[in-house]
Structures are given as C-alpha cells and as structure tokens.
Amino acid sequence: MPSDNPIPNPWQSERSRAEGGPLLAGFALVLAASACGGDATQVIPAAGAGGSSGSPSGENPPETPAPERPSGGPTSPTDPGPVEPEAPSPLYLAASWVTNAETTNTYVSVFDSLEIDRLDFARAIEIPGFGDAWVFNGAIYVADGEAPRVGRYRLEEDGTLRREVEIDFSAYGVAGAAFWDQEFLSPTKAYLSNAANLEYVVWNPTTMEITGTVDWPEFDFAEGLEPFNSYTDRGGVVIDGYFYHGFYGHDETFSSFGDSSRIAVYDVATDELVSTIDVPCPMMDVASLGDDGYIYVSGWSYMPLSVLAGYTAHNCAARIDVPERAVDPSWLIDYSQIGSGDQGSALRAVSGGDGIFAVFHGTGVAVTEGMDMWDLDAGDDDWELYSINLADRSIAPTGIEMSDGSYYESHVGDRYFVYLGDGASSTRVYERTPSGYEPKLEASGWMSRLFQLR
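In our numbering, the protein residues as written are 9 to 462.
Any given hint could turn out to be false.
Label pairs and their computed distance ranges (CB to CB) [claimed, not checked]:
| hint | residue 1 | residue 2 | range |
| --- | --- | --- | --- |
| 1 | Asp176 | Gly232 | 32 to 42 Å |
| 2 | Pro288 | Ser359 | 43 to 53 Å |
| 3 | Ala404 | Gly220 | 41 to 51 Å |
| 4 | Glu92 | Ser178 | 43 to 53 Å |
| 5 | Thr219 | Asp125 | 22 to 32 Å |
| 6 | Thr376 | Glu172 | 54 to 64 Å |
| 7 | Ala204 | Ile124 | 40 to 50 Å |
The set of hints was computed from the structure by calculation and includes no laboratory data. Beta carbons are placed, not taken as given, at the ideal position from N, Cα and C, and that holds for glycine.
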C-alpha cells in the first residue's frame with residue numbers, strides 16, 4: 009500500500025490503515041481509561057468480578073460463605089481430604105491501534121485464551137493517540153499516546169491489574185515514550201531513544217526514576233544523509249550484558265539510505281560505548297538473535313522500494329559474530345540474488361535455525377525518474393512472507409500474502425506468532441507450526457503487541 013508519510017514509523021508508515029470494532033471472545037481485564045494519569049494506585053477487576061460487570065447497580069451480590077471443614081482430616085470414608093489449589097489460568101495481553109480520518113486510539117486488553125477466532129478490544133481501555141504496551145520482568149508498562157509518559161501495572165494473583173506508578177519524560181524533549189523507542193536492559197535500567205538530542209534517556213523500571221542520559225555515537229554517513237536510529241522493538245538486541253543497536257543514514261524524504269549502516273554496542277552496566285560495527289547494508293532497522301548465537305540484521309520494508317526506484321544502490325541482510333563484534337564475512341544475503349530475484353526486507357531469526365522475511369513481488373508500476381517510491385507499492389497483496397533456512401540460506405514461500413511489507417511478531421512461551429494488517433480494520437494472526445504458518449485468529453485494528461502474562 010502507498011504511504012502518506014515518508015518518515016519510517018515503527019510499523020512501516022501505514023498507521024492510518026487500521027480501524028477496529030467490538031466483540032471480545034473470552035473474558036477481558038481492562039486497564040483504566042486514565043492509563044497514564046490519575047491516582048498512583050488503581051485496581052482493575054476481571055470482567056465479572058465486580059463493578060459494572062456485577063449486578064445492575066454496580067454492586068456485587070453478597071457472597072454465601074462456604075461451609076467450614078472440621079479440622080483433623082477427612083470426615084467420611086469418601087471425603088478426599090484437603091484439595092490442592094488449581095494452577096492459575098493463563099493470561100495474555102494484546103494492544104492494537106485503531107485509526108480513521110479523524111482520530112487515533114490505542115486499545116489494550118488482557119484475555120485468557122488464544123484458542124479463539126477473533127480478538128477484539130471493545131472491553132479494553134482506550135488510550136488517545138498512538139499508545140503502546142510492554143511486559144517486562146513481571147510488570148506491565150503502558151505508554152501514553154499523546155505525551156511521553158509510562159505507567160506501570162502489576163498483575164495480582166486474582167487476575168486483576170493494579171496500577172502502581174508513572175514516569176514522565178517531558179523534561180528531556182522526547183516526542184513520546186512508546187516501546188518502539190525503548191529497550192529494557194535489566195530490571196533496573198532501560199534506554200529511551202531521544203532522537204531530538206541524539207541520546208538515550210536512562211531510567212529505572214523498578215523505581216520508575218530517570219537516572220541520566222547516554223550520548224549516541226557520532227556517525228559520518230554519506231553527504232546529504234542524516235543519522236537515524238533503528239526502532240528498538242525490532243532493531244535492538246541485549247545479549248551477555250551488551251546492547252546492540254542499529255543506526256543508518258537517510259535523506260530528508262526517507263527514500264535514499266546510502267550504502268552501509270552502523271551498529272553501536274553499549275556495556276549495559278557502565279553505559280560505555282565499547283564498539284561500533286560497520287555493516288555493508290543500508291537501513292539496518294531489524295535485528296534478531298538466532299539460536300546459533302548470531303545477530304541477524306536487515307532493512308525494513310522501505311528498502312525494496314528504494315532500490316527499485318533507484319534511490320539506493322543495493323539491499324542486503326547480514327549477521328553479526330557476537331564474540332568478535334564484527335560482521336560475519338561468510339554470511340551476506342543480496343535479496344536480488346536469492347529465490348525469484350525479487351527484493352526483500354525485514355529478515356528475522358525465529359527459532360531452530362529458521363527465519364522469515366518479506367518479499368515484494370511488484371505491481372507492474374513503471375519506474376520514472378524522481379518518482380515517489382511508494383507509488384510502486386500500489387497493490388493490495390503484492391508482498392509475501394517467506395521462510396529461510398539461516399544455515400544454507402535456502403528460502404520458501406509461506407503462501408501468506410501481505411498488503412505491505414511490514415509485520416509484527418512475538419514469541420509467546422514456546423509458540424511463535426506473526427501478525428499482519430489486513431485492510432483498514434483487522435489483523436490476521438498466524439502461528440508457526442511444524443507444517444508451516446497456519447491462520448490462528450483475527451484481531452480488530454492493527455495489532456502490535458502480544459504477550460503472555462502467566
């Protein structure tokens with residue numbers, strides 16, 4: 009789909025495509041509508057546990073106390089004795105953006121099953137703007153969509169969410185605090201990317217306090233190119249106490265990206281820049297850690313269009329040798345030389361030596377000098393998701409058509425999901441299985457997050 013905004017948003021630049029609707033299967037826990045404001049402590053009950061989900065008056069009916077068991081063991085030959093408590097049922101968290109011509113809202117909901125046909129957010133909280141949600145170290149973090157604030161929640165044993173505290177980054181000049189610009193490094197340290205000041209704002213997720221700033225490296229990209237940081241939810245990797253984060257050059261319209269990128273390596277404990285890795289591929293905006301210990305890096309969905317329109321010379325993916333902190337010279341993929349020769353992007357390691365990436369098959373639009381590269385992406389299903397064997401670099405189509413080259417993904421326990429925006433109102437969620445990627449469920453809007461809480 010063509011984009012109205014050339015600046016590379018976290019999900020390509022298709023924010024205006026999503027709209028949502030009602031109907032949530034299973035039960036939902038809801039965060040408060042004042043997710044990033046109001047009292048510091050707030051209890052949000054499970055649906056059916058009280059409030060508006062109880063009696064029509066909003067009050068719970070009186071409970072009938074259970075009969076007490078006399079002490080001293082079973083009371084009859086058939087009495088089973090003390091009953092072991094049941095294990096807590098699973099809970100999941102999802103977030104979705106819903107955008108139309110006039111408004112943008114974010115919906116965050118907690119639900120109890122993935123074995124459903126459709127996940128909607130009618131009973132979720134509504135956060136104005138492009139908000140976000142993340143789960144780290146047992147806590148739930150919700151970012152405001154209109155101000156650089158983050159609220160922290162905890163999950164209670166009874167399945168309720170309790171809002172604890174908020175942190176505000178306004179004094180540092182950041183435009184927002186969503187988690188596509190955040191990296192949780194440890195229980196006591198996180199980085200918020202601040203492109204305005206070319207730095208990270210350092211904060212403590214446990215105490216919810218800002219502790220300082222860390223400067224970005226100074227990069228000298230080709231003439232006419234400005235530095236930009238990869239979005240950390242897809243372009244940052246933390247391993248063995250070090251944070252790997254990609255940077256690249258771009259022109260003012262985000263059409264041209266030069267010939268190479270850099271990956272900065274920071275010591276998490278000291279905040280020291282310990283290394284900078286030169287990568288011979290443009291727009292290194294996607295990074296993922298493979299089971300083989302390598303970090304795989306790739307461009308985002310801008311790259312196929314930029315190369316085809318003649319704004320960038322080449323498009324490739326590489327992998328980083330972590331112990332050596334260097335590009336592995338034996339592994340480099342030129343997308344135009346694998347498979348059918350079509351351009352690709354967004355390569356990620358998945359598990360077991362396999363990965364995925366998006367392939368742009370084209371729409372037959374003629375290339376003209378000075379054209380808007382997004383005019384090339386004029387079809388509805390002109391992209392396709394491919395799988396790749398990372399060891400021998402063999403590829404295979406999954407059969408999943410895509411309306412654009414952007415996709416979100418997540419590991420949920422030992423399961424792996426890919427979610428793709430479909431039209432203006434829905435997201436298709438696929439699960440990786442031994443036989444391939446199978447349709448799992450649909451979700452309202454443009455779903456961007458999926459976590460397991462317990």
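Hints versus structure:
no., hint, in the structure
1, Asp176 <-> Gly232: 32 to 42 Å, "holds, 36 Å"
2, Pro288 <-> Ser359: 43 to 53 Å, "violated, 27 Å"
3, Ala404 <-> Gly220: 41 to 51 Å, "holds, 47 Å"
4, Glu92 <-> Ser178: 43 to 53 Å, "holds, 50 Å"
5, Thr219 <-> Asp125: 22 to 32 Å, "violated, 45 Å"
6, Thr376 <-> Glu172: 54 to 64 Å, "holds, 55 Å"
7, Ala204 <-> Ile124: 40 to 50 Å, "holds, 41 Å"
Comparing the model with each numbered hint stated earlier shows that hints 2, 5 do not hold.
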